[in-house]
Amino acid sequence: MKLLNVLLLTTSLSVFYTYAETDYQWLRDDSRSEPAVKQFLAEHNRKTDHWFAPAKPLVQELVNEWQQTAQHKAPPPALIYANQQYNDIQWNGHRHIVKIGAQGQIEPLLNLSARAEPFDYYQLASWSLDPSVQSVALAEDTRGDEQFKLTIVRLADRTEQIVSETASTYYAWAADGKSLYYLSDLNGSTQLQRFELETGQSTRLAEWRSAEWLFSLYSASNPRYIVVQQNNENSTQQRLLDTQTGELMPWLRTTEPGLEYYADVLGETLYINSNHQGAFRLYRQPLHTKQDWQSVTTHKEIGSLSNFYLFDAGIVLVENQTLAPKVWVLDNQGEVRTHFELRDLGQVAWISRNGDATSNRLRVRAMSMTEPASWHELDVAQLQWQRLSQDHYADFEPKQYQTQTVWVTQGAIQVPVTLAYRSDKLTPNSSVVLYGYGAYGVTMKPYFMPQIVSLLDRGMIYAIAHVRGGGYLGEAWHQAGAGLNKQNGIDDFLAAARYLTHFQQGERAIYAIGGSAGGTLVAAALNQQPNLFAGAVLQVPFVDVLASMSDTSQALTAQQYQEWGNPQQPEQRQVMQAYDPLSNLRAAPYPPTLVNVGWWDNRVPYWEGARYLARLSDVSQGAGPYLLSTDFQAGHASDRRQALEKQAREYAFFLTLDKTRKAGQ
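Residues -20 to -1, 1 to 645, numbered by mature numbering (1 follows the signal peptide of the UniProt record, and there is no 0), are exactly what the sequence shown covers, in order.
Think of the hints as simulated: they come from the structure by calculation, not from any bench.
Keep in mind that a hint or two might mislead.
[As the list claims (entries may be wrong)] Listed below are the simulated BS3-like cross-link pairs for lysine-lysine, each with C-alpha atoms no more than 30 Å apart in a straight line:
#1 Lys639 / Lys405
#2 Lys639 / Lys379
#3 Lys53 / Lys405
[Unchecked claim] Beta-carbon label-pair distances, calculated as ranges:
#4 Gly604 / Lys626: 17 to 25 Å
#5 Ser275 / Gly602: 56 to 64 Å
#6 Pro408 / Glu240: 43 to 51 Å
#7 Arg26 / Ala643: 46 to 54 Å
#8 Ser196 / Asn63: 24 to 32 Å
#9 Glu240 / Lys626: 34 to 42 Å
Fair warning: this is a prediction, and the values are worked out from it, not measured in the lab.
Just so it is clear, CB atoms sit at the ideal spot from N, CA and C, and this is done for glycine as well.
Make the full structure from the sequences, and use the hints.
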């Protein structure tokens, strides 16, 4: 067994420690209590801080830029419930839940900043006002491990009732506001419970023990009902919970592989978006009957649906087309009243923060990589649009920037890559920051972000590779990069990097960045073509794929087989083995790499990134640096109060490497 000497820098001296395992299995500590593990990570933090010391002014410069731009960002539109408006905004220097009067006057309901202040880490996953607006329920994580504490705060006197210390983020009020229904995870089971405010007690209504299903719930448009859901990668089952009677009704339809359906209730009518006849279509039936589902509309131009929204004045359908999704507004009989394309409002646009069914308000968020975000609202009853807000940044001039989508050839496939740059800063050797994700059918949209603008202002190109495995071109695009096809997404990312190296006849360095499943993509690409990249940042990276997917003690393992493969199947194991980032590290000139992990991360445990960085440091023939940063006060996500500084360090890493590289040319 090889003895390993690791050079660790402290603020005052260099110290050598010897470890006896080259695979670093000992870094896994499920209890988070082993002193040697914490010492190893803390020493790497000191080494990383030492490297960043000369870059501190740049880090602070970036943070200052972003904090200044945040002051010009318009607040999101208020949520409308029962003709009243509520929001979660900065008010008098603190984050508050507020009520907004008819003339725009602010009534603070709860100071969220005060709740966060005692904790080094604080994430408010969600909040929900009860129907009478006497209380608010909050799901809060104060460690980063996504074990949420569900609390009800009475607004009149700020008294609190703790509902659960192990709740999920799925909960909903009963229509009368006297009870709260929620899901909790305990001892390997998911429980549906009802909490009574009067007694302060919870009653278990149902319990499921399944490694193959995820469970969730949400309020229907008719607040009397809650939709309870179980789903895996390609199937769903749903049932209704009547909060007036407490009855948990039978499943709306029995489970079938590949069958998906998503329900809502308005009045006494059940609406279902389902693929049970092929493409997703909207169906309905009267509640409390066993009639067959009836199509809401027979309009032939309406394509497969991704979502629908119910209002008193009509029904809104959203097509499942990534590049140019259409939105159709129907009356309650299913006749088309109007339609529009989301991209008419912006290169990137999506529906969000609608009012309740009685509000008849549909909201659209729109932007591009070089156009700040705006909010638009459609009055579904009158079919009238208005712009609610537009973000403005004092020193930002959109005409100085260019954004475009290029199509990169990879075999017989054309891979879309969205990029942006500042025209007057673009030179033949402007470097590229290339972002990738490529999993779960998630569409990484080219959002406007002031942080990206800071890179463009410094002469960088920012690009997003919409590789197979993501959802940019629909579900077929996802499946083409999932499971046995995972290598396709890696090939796409490599093809994008090769193309961008010579974008507009340039000679450009490529810096790769990816987080979580995107870390798998980037790390696998580094293994397969390390010379293609000048640097990389891996954020809470999933890099020990084969070992993690073989660990059936983890609750989510069985639910992920379709995305990553099942190592118990020889053919699938062979494919996984071929791209697995950690096991394929080899003697090669890897580029400088920064790995960020969260100590309390329950999705991708810290030891994956730590083991990867340690092994990379051992085998690489490159000059480095190879840096590991562990946030001991975070999990898979960072506390919003520290998130800007963490991102500034990542961008400063690239900018510093690029400055050094160009100085040496």
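Quick rundown of the hints versus the structure:
1. For the hint linking Lys639 to Lys405, the alpha-carbon distance of about 15 Å falls within 30 Å, and the restraint holds.
2. Straight-line distance between C-alpha atoms of Lys639 and Lys379 comes to about 27 Å, which keeps the hinted pair within the 30 Å bound.
3. Note on Lys53 and Lys405: the hinted pairing holds, with a Cα-Cα distance of about 25 Å set against a maximum of 30 Å.
4. Our hint of 17 to 25 Å for Gly604 and Lys626 holds, since their Cβ atoms are close to 21 Å apart.
5. Taken as a hint, the range 56 to 64 Å holds for the pair Ser275 and Gly602, whose Cβ atoms sit roughly 60 Å apart.
6. Taken as a hint, the range 43 to 51 Å holds for the pair Pro408 and Glu240, whose Cβ atoms sit roughly 49 Å apart.
7. Distance hint for Arg26 and Ala643: a CB-CB separation of about 26 Å, inconsistent with the stated range 46 to 54 Å.
8. Restraint check, Ser196 to Asn63: a C-beta distance of roughly 28 Å satisfies the suggested window 24 to 32 Å.
9. Roughly 36 Å separates the CB atoms of Glu240 and Lys626, a value that falls within the hinted 34 to 42 Å.
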